[in-house]
Amino acid sequence: MQNIMIVGVGGQGTLLASRILGNVAIQAGYDVKVSEVHGMSQRGGSVVTYVKYGEKVHSPIIDKGEADIILAFEMLEAYRALPFLKKGGKMIVNNQKIDPMPVITGAMEYPENIEGKLKEKVDLTIADALSLALEAGNAKTVNVVLIGIMAKNTNIKYEQWIETIKTTVPEKLLEVNLKAFDLGYNH
Amino acid sequence: MKQLMLGNAAVARGAYEAGVNVVASYPGTPSTEITENMVKYEDVYVEWSPNEKVAAEVAIGASIAGARSMSCMKHVGLNVMADPVFTVSYIGANGGLVFCVADDPGMHSSQNEQDSRHYAEASKIMMLEPSDSEECKEFTKQAFALSEEYDTPVFIRLSTRVSHSQSLVELNDRENIELKPYEKNIAKNVMMPGNAIKRHVVVEERIKNLRELSENSPLNKVEMNGSKIGVITSGISYMYAKEALGDSVNYLKLGIVYPLCEDLIKKFCAECEIVYVVEELDNYIEKHTKALGLKVIGKEVFTLLGEYTPAMIKKAVLKEDGAPSVEIEEQIPVRPPVMCPGCPHRGVFYVLKKLGLTVSGDIGCYTLGAVAPLASVDTTICMGASVSAALGMAKARGPEFNKKLVSVIGDSTFMHSGITGLVDIVYNKGNNTVIILDNSITGMTGHQDNPTTGYTIRGEKTNQVNLITLCKGIGVENIVVADPFDLKNFEKIVKEETEREAPSVIIAQRPCALLKSVKYTGHCKVTDKCKNCKMCMKIGCPAISVKNNAVVIDTNLCNGCGLCMNVCPFEAIEKEEN
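The listed protein sequences derive, respectively, from chains A and B. Heads up, the first sequence is in numbering that gives the first Met the number 0, so the first residue is 0 and it goes up one at a time. Heads up, the second sequence is in numbering that gives the first Met the number 0, so the first residue is 0 and it goes up one at a time.
Among these hints, one or two may not hold up.
Claimed, not checked - Among chain A residues calculated to face chain B with C-beta under 10 angstroms, some are: (1) G12; (2) I61; (3) G64; (4) E174.
What the hints assert, rightly or not - Below, in silico cross-link-like pairs of lysine-lysine (DSBU-like), each with a Cα-Cα straight-line distance of 35 angstroms or less: (5) B:K353 with B:K394; (6) B:K546 with A:K116; (7) B:K197 with B:K179; (8) A:K165 with B:K39; (9) A:K171 with B:K515; (10) B:K197 with B:K123; (11) A:K139 with B:K574; (12) A:K139 with B:K289; (13) B:K314 with B:K265; (14) A:K171 with A:K156; (15) B:K494 with B:K574; (16) B:K289 with A:K63; (17) A:K118 with A:K85; (18) B:K533 with A:K116; (19) B:K298 with A:K63; (20) B:K537 with A:K116; (21) B:K39 with B:K183; (22) B:K546 with A:K89; (23) B:K298 with B:K286; (24) A:K86 with B:K227; (25) B:K402 with B:K487; (26) B:K1 with A:K171; (27) B:K286 with B:K265; (28) B:K515 with A:K85; (29) B:K314 with A:K89; (30) B:K314 with A:K63; (31) A:K139 with B:K515; (32) B:K318 with B:K298; (33) A:K116 with B:K524; (34) B:K528 with A:K139; (35) B:K528 with B:K494; (36) B:K530 with B:K352; (37) B:K289 with B:K318; (38) B:K318 with A:K116; (39) B:K179 with A:K178; (40) A:K139 with B:K460.
Since the hints were made in silico from the structure, they are not lab data. Note that the structure is a prediction, hence the values are computed from the model and not measured. Think of the CB as a built atom: it goes at the ideal place given N, C-alpha and C, for glycine as much as any other residue.
All chains, full assembly: derive it from the sequences and hints.
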């Protein structure tokens, strides 16, 4: 079974990423469960989505120490999710930093050198997904860039991913999204 | 081909396939998407009702009139609709009648963690509990059939992880269900003592019959794996247990949580040496099992609080630890939800905080007005309580206290249950000031229309409830409409209205920044006129922070709403077009 956790800040587009991932796993013939968060936490709070696929999936959620891959849209959220990574798991992190309210109000500091701390402990890929998204032609494709980076680390074939993006993304945004995916995939 | 589907969408699909005709609900996380998904099906009448009680009554009326009907709500919404529910239990159902309630263990988006299963028992209404999306669809179809067969409303109970998880669902066609004939039946449909006394007898008989049904129903499943350990469970807890314990234990998975299959439970317990009851929230199944004289282990090893996980169950039952994990070696800042950049509520709370008022709060995005740095809201209880609780506060502490007191309530929440509180203020000579936060939409649950928006759930234009005429009709003479981003004027109005010795309503009008019709452009920028006074930090905008002791605005987050420019005393913030 593959356990993938997508973490970020409400409003960053993590839900679309989990939809693409869920759909590609079905098309590859797996049983799939995706667990999302709706409602209050979506308002700029920490958001966590679980995507699990394999022969048979029971629980839609992932426990500590059980994620094969953590895909993080934001640095602090990556750090927060660290205890969920499986021993030998892979972490893919967008280098964006968004201050949470305790940092904005000055009650706490944004942790320093998260990249270094994560690197010490886990197999880490850091990406400037926003630059790649802009290179693809649309800042909003950050999520697809990150999906691209992750795709390379799964057992699902490249063609399958392309096929799924074609069926998930609206026609007029297809080209830019395919470009974003490739930029991520070849990162 | 099977489709990946949200549990909530699967309930909607199940209702559609079962030939449902009428669905009426009020939005509430985690139940909202059930009713939203009904819109996909053109041959169903769907509505957002003003509140859950009204919604339930619409569904009940439709059922009496012969249609298959459904109402969906979150756990606390069930409190609002409890009144008709307890009595329709006596009336029963003509067309199939289903109430779908979604609990929120862990309180992802709720003010309490109540367990709705108690309602099934208290109202003597059958309750089914699915574990994944496929079961959501199938159980919903079954619920309609059982409702008609046994002349009873049927509850479906969901929880956040069932509602908001996607799993595979096989789609079928819609059944062609004719309206049942409507016949006047006073003895069955008019619940006054003489009739209700007789109907209660029917209800008790019905529960006996349903208990018999549940002993043999395929909705309850026994899985014997040759173990001495048995697990009795239902809903999402079954999935967690299955993942944690696999085939190493036997299972009794309850699809019908009321009435419980007592004989089957006895039989299952007799075949196992040790039996655990795994259920989130209250010890509902455990208590009933113990009352049968059976020895089971429940909350001795499981918590009454929050959500469960497979690792938690593994630890409790097999005494095995979960997977090893890398811990974070420092305290890191939490990231609670915040009001969005451009949120109209921010201006309101900035002013209320500045004036040092006591704020009787309500349920919606604006509950976030209790979070630092705005930290303006004093109380949040339930939908509508901001208005009536403020009257209580004023009556308790007198007129001087009342001059420093306001209620804040959203447009949708005011429609839901704020109106009656305002009637109370007028009727009982309160001098309260009520601020209606009119952001033109139901925000927190993800943009649903309501009676004040002028559109139906299907996006069709409709009659719009006018807040001003409504408040006037109630008898409020002082009604002011103001833009909460015009801070000076808004402050002036709040001061005037709180001073006034008469009931007053301030309608703070500015649409939700996430609405497509709202077009803020560009972004704000701090210029070198900045004196570093940090006034702009007081509005708690997530786009504004202090870096190296200087205020900066994150251009990716800022939507150019310009509220910070109104706060800055040195005109040091400017707008830059993209």
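So, going through the hints one by one against the coordinates:
1. G12: Cβ of A:G12 sits 13 angstroms from chain B, so the hint is violated.
2. I61: 9 angstroms, holds
3. G64: Where the cut-off is 10 angstroms and the nearest Cβ of chain B is about 3 angstroms from A:G64, the hint holds.
4. E174: 23 angstroms, violated
5. B:K353 with B:K394: This hinted pair holds, its Cα atoms lying about 25 angstroms apart.
6. B:K546 with A:K116: With Cα atoms ~22 angstroms apart, B:K546 and A:K116 stay inside 35 angstroms; holds.
7. B:K197 with B:K179: With a Cα-Cα distance of about 24 angstroms, the restraint between B:K197 and B:K179 holds, given a limit of 35 angstroms.
8. A:K165 with B:K39: 23 angstroms, holds
9. A:K171 with B:K515: The hint holds at about 19 angstroms.
10. B:K197 with B:K123: Distance ~15 angstroms between B:K197 and B:K123 Cα, so the pair holds.
11. A:K139 with B:K574: Holds. A:K139 to B:K574 sits at ~23 angstroms (cutoff 35 angstroms).
12. A:K139 with B:K289: Given pair A:K139, B:K289 is violated - Cα atoms ~56 angstroms apart, limit 35 angstroms.
13. B:K314 with B:K265: 26 angstroms, holds
14. A:K171 with A:K156: 25 angstroms, holds
15. B:K494 with B:K574: 30 angstroms, holds
16. B:K289 with A:K63: Answer holds: B:K289 to A:K63 is near 33 angstroms, not above 35 angstroms.
17. A:K118 with A:K85: Distance ~15 angstroms between A:K118 and A:K85 Cα, so the pair holds.
18. B:K533 with A:K116: Status holds; Cα separation ~32 angstroms.
19. B:K298 with A:K63: Distance of about 23 angstroms is within 35 angstroms: holds.
20. B:K537 with A:K116: Holds. B:K537 to A:K116 sits at ~33 angstroms (cutoff 35 angstroms).
21. B:K39 with B:K183: Distance ~34 angstroms between B:K39 and B:K183 Cα, so the pair holds.
22. B:K546 with A:K89: 31 angstroms, holds
23. B:K298 with B:K286: Given that 35 angstroms is the threshold and the Cα spacing comes to 10 angstroms, the pair holds.
24. A:K86 with B:K227: Between A:K86 and B:K227 the Cα gap is close to 33 angstroms, so the pair holds against 35 angstroms.
25. B:K402 with B:K487: 19 angstroms, holds
26. B:K1 with A:K171: Since the Cα atoms of B:K1 and A:K171 sit roughly 27 angstroms apart, the hinted pair holds (cutoff 35 angstroms).
27. B:K286 with B:K265: Holds, at roughly 14 angstroms.
28. B:K515 with A:K85: 41 angstroms, violated
29. B:K314 with A:K89: Distance ~26 angstroms between B:K314 and A:K89 Cα, so the pair holds.
30. B:K314 with A:K63: Holds, at about 13 angstroms.
31. A:K139 with B:K515: This hinted pair holds, its Cα atoms lying about 16 angstroms apart.
32. B:K318 with B:K298: OK: B:K318 and B:K298 at ~15 angstroms, within 35 angstroms.
33. A:K116 with B:K524: Within the cut-off at roughly 33 angstroms; holds.
34. B:K528 with A:K139: Roughly 33 angstroms separates the two Cα atoms, so the pair holds.
35. B:K528 with B:K494: 31 angstroms, holds
36. B:K530 with B:K352: Since the Cα atoms of B:K530 and B:K352 sit roughly 23 angstroms apart, the hinted pair holds (cutoff 35 angstroms).
37. B:K289 with B:K318: 23 angstroms, holds
38. B:K318 with A:K116: 32 angstroms, holds
39. B:K179 with A:K178: Not OK: B:K179 and A:K178 at ~56 angstroms, beyond 35 angstroms, violated.
40. A:K139 with B:K460: Holds - the C-alpha atoms of B:K460 and A:K139 are around 32 angstroms apart, at most 35 angstroms.
When held up to the earlier numbered hints, the structure conflicts with 1, 4, 12, 28, 39 and fits the remainder.
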